[in-house]
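Produce the entire structure from the sequences given, and follow the hints as far as they go.
Take a look at the letters that make up each chain.
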Amino acid sequence: MAKKDLIGGKLWETYSNNVIERMNNPSFFGEISEDEARGKEKRLIIADWGAESCGDAVRLYWLVDTSNDTILKARFKTFGCGTAIASSDVMAELCMGKTVDEALKITNLDVEKALRDSEDQAAIPPQKMHCSVMAYDVIKKAASLYKGVEMEDLEEEEIVCECARVSLKTVKDVIRINDLKSVEEITRYTKAGAFCGSCIRPGGHEKRKYYLEDILAEVRAEMDREQIKTAGSLENFKEMSPIAQYKAIEEIFAEKIKPILHRDGGDVEIMDIKNEGDETIVFIRYLGGCATCAAAGTGTLSMIDQALKGTVGPDITVRMI
Amino acid sequence: MDRVYLDNNATTMVDPQVSAVMTEFETKKYGNPNSLHSFGMEVRKPMEKALDQLYKGLNASDEDNIIINGCATEGNNTVLKDVLFDRILGEGKKKKVLISSVEHPSVFNTAAYMGKMGAEVIALPVNEDGIVTLDILKEYLVPQETALVSVMWANNETGLIFPVKEMAEYCRASGVPFHTDAVQAIGKIPVDLQDVPADYLTFSAHKFHGPKGVGGLFVRKGAPVSPLLHGGEQMGNLRAGTVNVPGFIGMGLAMELAVSQLDRELTQVRSLRDRLEDAMAQIPDVTILGKRELRTPNTILASFKGVEGEALAWELNKFGVAVSTGSACASESLETDHTLVAMKIDPSLSHTALRFSLSRFTTDGEISYVIDVLGKAVERLRKISIDY
Chain A
11 MAKKDLIGGK LWETYSNNVI ERMNNPSFFG EISEDEARGK EKRLIIADWG AESCGDAVRL
71 YWLVDTSNDT ILKARFKTFG CGTAIASSDV MAELCMGKTV DEALKITNLD VEKALRDSED
131 QAAIPPQKMH CSVMAYDVIK KAASLYKGVE MEDLEEEEIV CECARVSLKT VKDVIRINDL
191 KSVEEITRYT KAGAFCGSCI RPGGHEKRKY YLEDILAEVR AEMDREQIKT AGSLENFKEM
251 SPIAQYKAIE EIFAEKIKPI LHRDGGDVEI MDIKNEGDET IVFIRYLGGC ATCAAAGTGT
311 LSMIDQALKG TVGPDITVRM I
Chain B
-18 MDRVYLDNNA TTMVDPQVSA VMTEFETKKY GNPNSLHSFG MEVRKPMEKA LDQLYKGLNA
42 SDEDNIIING CATEGNNTVL KDVLFDRILG EGKKKKVLIS SVEHPSVFNT AAYMGKMGAE
102 VIALPVNEDG IVTLDILKEY LVPQETALVS VMWANNETGL IFPVKEMAEY CRASGVPFHT
162 DAVQAIGKIP VDLQDVPADY LTFSAHKFHG PKGVGGLFVR KGAPVSPLLH GGEQMGNLRA
222 GTVNVPGFIG MGLAMELAVS QLDRELTQVR SLRDRLEDAM AQIPDVTILG KRELRTPNTI
282 LASFKGVEGE ALAWELNKFG VAVSTGSACA SESLETDHTL VAMKIDPSLS HTALRFSLSR
342 FTTDGEISYV IDVLGKAVER LRKISIDY
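So the sequences go chain by chain: A and B.
Following this note's numbering, the numbering of the first sequence begins with 11 at its first residue and continues without gaps.
Following this note's numbering, the numbering of the second sequence begins with -18 at its first residue and continues without gaps.
Incorrect hints may appear among the rest.
Said to hold, decoys possible - Reference listing, derived: stretches of chain B covered by chain A, where coverage requires no fewer than 3 residues with Cβ under 8 Å from a Cβ of chain A: (1) 291 to 305; (2) 324 to 338; (3) 354 to 367.
Everything labelled a hint here was simulated from the structure, so no lab data went into it.
Glycine included, every Cβ here is placed at the ideal spot set by N, Cα and C.
If you want it as structure tokens, here you go:
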């Protein structure tokens, strides 16, 4: 909460002009008739997603040239708010001229980006992002119909939120693509967890296989690890002087490791670095929240170990004092 | 047609007569009513007059208190938190608080807070008409365990009127304090505190053509109350803080006007509302929520099949018509308005519900215009709609 949050009710002022224009005058709404699809190498696909009782429902029509899998024409119909209309409109536009496989690569963020007025200004507020996710889902549905496979076969479709029919893949994707950091954000983007709430954490009225809190923690941890791995490696580490080695390791800690620990109120200190034969051992001591954290000796230690190995090489190991 | 305002359950236009009176107490007679000098002196008489207007408007007795405060939310918090701190946590004998499941957030969320602090809050269900009846209250009320019953006089979303007289009488006979949030009732239907033995009643000026930021809490003689705001000695030590003098005086006049024009509300406003409602019913697949005879004369809550509520509100706004929606899409939390949830309205209806609320300033021409554009708006959106 801060100054910008004190006056509420701004929903309609947060829509981009592009959203407003498409809400008022969508260009690609309507149907594609069987007649239009008549003829060789043409196929009509009609895909439905969502339900009126959930507040959003969209139907996507594709006219596909079967000789090259290209979407010749796309139209939509939607039950939903203005941003659902605008998202569907831009989604239909983005599909046209693409092959089915190319269309499958359109993400909810592409939909949202296409609705922006300028590059750095979001087209719709976070709680409306689920409208763009719906546009993304209906494309997957249409592609599955075209390919004659179940949506689950296009990907591993494990449903996390039964109420909003949100898959594990979708949840993981929105976290990654949009850099989400809280369950509330996941709910705003996908509607997962917005209804009965059972899928947020254990203890709801229904037992679930996956919970949003766990998925979020897992994906964030993966993202942290990847960020570390992608950093450049120090090929000449073994040739460095002890002081240079210490500085290099200190830098890895400052850039890659400490920020992650700081997020949870923890910290770490390098106590010593020893070279034993080919192996380098870094001795550390935990501070703050990490000092009392149960995972410090397992998950966190392994994260640090991998961060060092990823940057320096396989012969470096971390140990707690 | 420039713009048509049909969102009077959210707030109303200040009556120009009220506005004129208030200006005098902003730019000329701006003294602090607690000052001894002439600037203070000259505002006290008009304040007394405003009190008279409020007491008369509600038919309160001079033995009762009407505490002038900032808003109905403050009044509701004052009553509920007094019960929480003094009765439930203080005396510790009675822990139950009964509210209706369709209360305004100012009661609903305050009761939820009470629950967190140790009260046992029971939200009374509504019947198939959407109201809490005396029988429902009787079913849940355990007098020796209950510290307060709070049921609104009329609902903000549906306009449905609750049988507060029967409930207040029953609570009185059972020895349980009864509070009612009368925000949506005043100026729309008769509110007579000699007829209805409520112990506490809250109201807000801006819902009956008074200014925003001022309201009142009626506390019947003998009913306990502690200040929510501590500080100076204003309002007989019951509500600290310099009184909003222009607002208070404006509210007095607004009350007098609202009560004196109640007949008009019950005839002219009602007939305009009915005309709009009848015209809506001509549009295919429209569901009006709540029986007409059970509602305040100014309110319609209607669902338009295949047309999401926020989209229709947007469409009408383009035509200059202001209405509101309880649709989940229009809220930051994506939650459907809890009134509709408690009424067990079919979810597809709740996503398409739109509230039209008139006032005594609504004109015949405005209603004709709304009827015209509503048909167009629904038609356009149904063309885009998957379900139509």
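Quick rundown of the hints versus the structure:
1. Only residues whose C-beta sits within less than 8 Å of a C-beta in chain A count toward coverage, and the segment 291 to 305 of chain B has 5 of them, enough to reach three; the restraint holds.
2. With 4 residues having a beta carbon nearer than 8 Å to a beta carbon of chain A, the segment 324 to 338 of chain B meets the requirement of three or more and the stated coverage holds.
3. With 4 residues carrying a beta carbon less than 8 Å from a beta carbon of chain A, the segment 354 to 367 of chain B meets the three-residue requirement, and the given coverage holds.
Checked against the numbered hints above, the structure violates none of them.
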